[in-house]
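**Student:** Residue-level listing of the chains:
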Amino acid sequence: MISLAGRDILHAWGKFVFTGVGLGLLIGVTLTMAGVYRGMVDDANVLLDNSGADLWVVQKDTLGPYAEPSSLYDDVYRGILGMPGVARAANVTYFTMQVRQNERDVRAMIVGIVPGGPGEPGQPGYLVAGRQITRSHYEAVADVASGFTLSDKIQIRRNRYTIVGLTRRMVSSSGDPMVFIPLKDAQEAQFLKDNDAILQQRRRTLANPAFNRPGVPGLADAVIASQTTNPYVNAVLIQVKPDHAPEEVAGLIRRWKRLQVYTRTQMEEILVGKLIATSAKQIGMFLVILAIVSAAIVAFIIYTLTLGKIREIAVLKLIGTKNRTIAGMILQQAVGLGVIGFAVGKVAATFWAPIFPKYVLLEPGDAVRGFIAVVAICVLASVVAIRAALKVDPAEAISG
Amino acid sequence: MKLPSLNGRTLALVGVLGTLLALFIYVALRSGPLAPVPVTVAAAENLAITPALFGIGTIEARYTYRIGPTVAGRIKRVDVNVGDRVQAGQLLGEMDPVDFDDRVAALEASIKRAEATILAAQAQVQDAMARKSYADAQAERYEQLWQTRTASEVAVETKRHDRQVAGAVLAAARANLDAADQELARIRSDRDGVIQQRASLRLIAPVDGLVVLRSADPGTTVVAGQAVVEVIDPASLWISVRFNQLRLSGLRAGLPVRIVLRSLAGHTVAGHVLRVEPLADAVTEETLAKVVFDAPPEFLPPVGELAEVTVALPALAAATVVPDASVQRVDGRLGVWAIRDRTLRFVPVKVGASDLDGRVQILDGLKPGERVVVYSQRALNARSRVKVVEDMAESS
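Going down the list, the sequences are from chains A and B. Numbering-wise, the numbering used here puts 226 at position 226 of the first sequence, and it's gapless, one number per residue. Numbering-wise, the numbering used here puts 63 at position 63 of the second sequence, and it's gapless, one number per residue.
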C-alpha cells in the first residue's frame with residue numbers, strides 16, 4: 001500500500017518541513033519556559049544542597065537566613081556544638097552585593113565561611129578549578145557564573161580578595177553567583193561601610209557630648225571601638241551525627257537554646273513556598289498561557305494545512321478513496337508535524353538554554369510530558385480537520 | 001523523468017529528518033541525567049608538604065610614652081609637633097603654672113625676712129653676750145669685794161642676780177637665733193618643693209623617639225594622667241598578629257615569617273615570631289603573637305598599618321598528599337572519590353595537615369599513585385558516570 005501521507009509530504013516537503021520547524025521553535029519556547037520555572041526551583045534547592053547542612057539555626061521568630069534577615073551572636077555556635085547529636089556546627093553569613101573587579105561589577109551573594117577545611121558545613125563542595133580557601137583572610141572561591149577566573153583580584157567593600165577556586169552551580173535563591181570568603185572578612189564587610197561612612201560615624205560620635213566628655217579621656221575612643229565591631233552571623237549550619245534524627249536535634253536546640261531551627265524540609269518549604277513563590281507563580285502562569293497558545297497555534301496550523309489541500313481531498317474522494325485512508329493521511333501528517341516540531345523544539349531549547357543569564361533546567365520528565373501533549377494536541381487538531389475533510393463534496397474537485 | 005526528481009525529494013527529506021534525528025539523539029545524550037559528569041583526576045602523590053600559618057596584624061610600637069601632667073591644669077605651650085624627633089630630656093611643652101611663680105616669690109621674700117630675723121637674733125645674742133660678760137665681770141668684782149668685806153651683801157646679791165638674768169637672756173637669744181635658722185631652713189625647703197612642683201609642669205621626653213600624637217594644644221585644660229604628647233621609639237616597631245585558632249598547631253617563637261605590608265602588596269619583608277602571647281582573644285577566637293622585622297625597614301611604616309604575615313612551619317615528613325578540592329563529605333564521612341578498576345568509588349580517608357597551596361595529607365585510606373577525582377562539574381554519587389577530561393574549561 002502506498003502511503004498517501006508520505007506521498008503528500010514528498011509533494012511539498014519544503015512547506016511541510018518549514019512548518020514543522022516553525023512549530024518546533026514555538027514548542028522550544030514553551031519547553032524553555034518550563035525550564036526557567038524548573039531552574040528557579042532548582043536554584044533554591046542547590047542553595048540548600050551546597051550549604052552542606054542538615055539544620056539551620058537562625059534568630060528566633062525569623063525565617064532566616066535566606067528569606068528573612070537573621071542575626072545571631074557569633075559565639076552561639078559554641079553552645080550548640082555541645083548539644084547532643086550535633087556533629088559539626090559552623091557560623092555562616094550571607095549578603096548580596098555588587099562585587100567590583102576593575103571597571104565592571106557583578107551581583108553576587110557573599111558567603112562568609114569558617115575556613116575549617118573541606119567537608120565542614122558551609123564549605124563550597126565540588127570545585128571545577130583551583131583550591132579551597134586555606135588562608136583566614138583575603139581569599140575567595142567564586143562561582144564560574146560570576147565570570148571571575150583564578151587569581152583574579154576582586155574588591156568587596158574595603159578589601160581586595162584573590163580568587164583561589166571556582167565552583168559551578170553555587171547560586172543564591174535568586175540565581176546570583178556565590179562568592180565564598182572567610183567569615184571574619186565577611187563580618188567586617190557586612191558591617192564596615194566605606195571610609196567616608198566610617199568617618200561620618202566617628203564624627204557623629206565625637207559630636208555627642210555624652211560620649212566625648214572632657215573629664216573622661218578615652219571614652220570616645222572606647223565608644224568608637226565598640227561601634228566598629230560586628231559580633232554577629234546570620235546562621236549556624238549544623239551537621240547531625242549519623243545516629244540522630246535531624247528533627248530530634250532541632251527540637252533540643254529549639255527548647256534549650258531558644259533559637260529557631262529549620263530542617264531541610266522546612267527550609268525547602270520556606271524557599272520554594274515563600275521566597276520564590278510569587279515569581280514562580282508568575283512564570284508558571286506564563287507557562288500555562290504559553291502552552292495553551294502553542295496548542296491553539298498547532299491546532300490551527302494543522303487545520304489550515306488540511307484545508308489548503310481540500311481540493312486534492314475532493315479529487316481523492318471523487319476517485320473513490322476510502323474515508324479511512326483520507327483520515328489516516330491527515331492524522332499521520334499531523335503527528336509527523338508534531339514529532340518534527342518536538343524534535344526541533346527540544347534541540348533548540350537545549351542549545352539556547354545555556355545562553356540564559358539564569359539557570360534553565362530542562363528536565364527529561366518535562367520533555368516526555370511535552371511530547372505527549374504535542375502528540376495529543378496534533379491528534380485532536382487532526383480530528384477537527386478530518387471532520388472538515390470528510391464533509392467535503394467531491395464535486396468541488398471539478399467545480400470552479 | 002518523474003522518478004529521479006521524486007528520489008531527490010525523498011533524499012532531501014530523509015537528509016533533513018536524519019540530521020534532525022541525529023541532533024535530537026545528541027541532545028538527549030549530552031544533556032540531562034544520561035550525560036556523563038566531566039571530572040578531572042589526579043594521582044595521589046607522596047610528598048613532603050610545608051604547612052604554613054596565615055594571619056593579619058597591625059604594626060604597633062613596642063613602647064608608647066604618653067606624656068602628660070600629673071595634676072589637672074591648663075596647657076601653656078607645646079613645643080613639638082607630630083613627626084618631630086626628640087631627644088631624652090628634651091622639653092616638649094609646659095603646663096600653665098598659675099600661681100607657682102608667685103608662691104616661689106613669696107617664699108623668697110619669706111626667706112629674706114627669715115634671714116633678717118636671723119640677723120636680729122644674732123644681734124640680740126651679741127647684746128645678751130655683752131650684757132652677760134658685763135654682769136659676769138660685775139659679779140666677779142663684787143665677789144672679791146665681799147671677800148674683803150668692802151661691799152654690802154645686798155649689793156653682791158644684786159650682782160649675782162644680774163649675772164643669772166644675763167645668762168638667761170643670752171640663752172633665750174641663742175634659742176631665738178636657732179629658731180630663726182630653722183625657720184629659714186623650713187622656708188627654703190618649702191621653696192624648693194614648690195620649685196620641684198613647678199618643674200613637674202614641664203613635659204620632658206623620657207627617651208629618644210618620635211612624636212606620634214599631639215592630642216591637646218595650648219589653652220586646653222587636661223586632667224591628671226591625660227596624655228598631651230605621645231612619643232614612640234621607632235626602632236622598636238613590631239607587628240601584633242592575630243591567627244585563626246583553627247589548625248594552629250606548631251606556632252612558636254623564633255619561626256621565620258614573611259611579612260607583606262598592605263601599602264606594599266607584593267613586596268615581602270622577612271621577620272620572625274618574637275613570642276606567642278600567653279593570652280588569646282577569647283571573643284574573636286584568635287591567638288595573638290608578636291612578630292618583628294629581621295632588619296629594620298628602610299622607611300618607617302605607619303603605626304597601625306595592616307600587615308599580612310605568613311609563618312612557615314617546619315616541613316613534614318613525606319606522606320600521601322591530594323589536592324584539597326578532592327576531599328568531600330558524603331553521608332557524614334570525609335573521603336575522596338577514587339577511580340579503582342575504572343569505576344568510581346568513595347573512599348573514606350583520614351585527613352592530616354594541609355598547606356596554604358591547597359595540598360592536604362591523607363593519613364589513612366589512600367595509597368600514593370591512586371587516581372582521585374579533583375574537579376567535578378556536578379555532585380557525584382556512587383552511580384555517577386564520569387568522563388575524565390584534562391581541563392575543566394574545555395568541557396563546559
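For the record, the hints were derived by calculation from the structure and aren't laboratory data. Take the hints with a grain of salt, since some may be wrong.
From the derived model, a few chain A residues whose C-beta atoms are all more than 10 Å from chain B [said to hold, decoys possible]:
1) Q98
2) V106
3) G130
4) Q227
5) Q239
6) S279
7) V344
Keeping only pairs whose Cα atoms sit at most 30 Å apart, straight-line, the calculated DSS-like set for lysine-lysine is [said to hold, decoys possible]:
8) B:K387 - A:K358
9) A:K15 - A:K322
10) B:K290 - A:K153
The beta carbon of each residue, even a glycine, is placed where N, CA and C say it ideally should be.
**Student:** So, for every hint listed, does it hold in this structure?
**Tutor:** Going down the list of hints, with the structure as the test:
| no. | hint | in the structure |
| --- | --- | --- |
| 1 | Q98 | 23 Å, holds |
| 2 | V106 | 18 Å, holds |
| 3 | G130 | 7 Å, violated |
| 4 | Q227 | 16 Å, holds |
| 5 | Q239 | 7 Å, violated |
| 6 | S279 | 25 Å, holds |
| 7 | V344 | 7 Å, violated |
| 8 | B:K387 - A:K358 | 26 Å, holds |
| 9 | A:K15 - A:K322 | 26 Å, holds |
| 10 | B:K290 - A:K153 | 29 Å, holds |
Hints 3, 5 and 7 from the list above are not met by this structure, while the remaining hints are.
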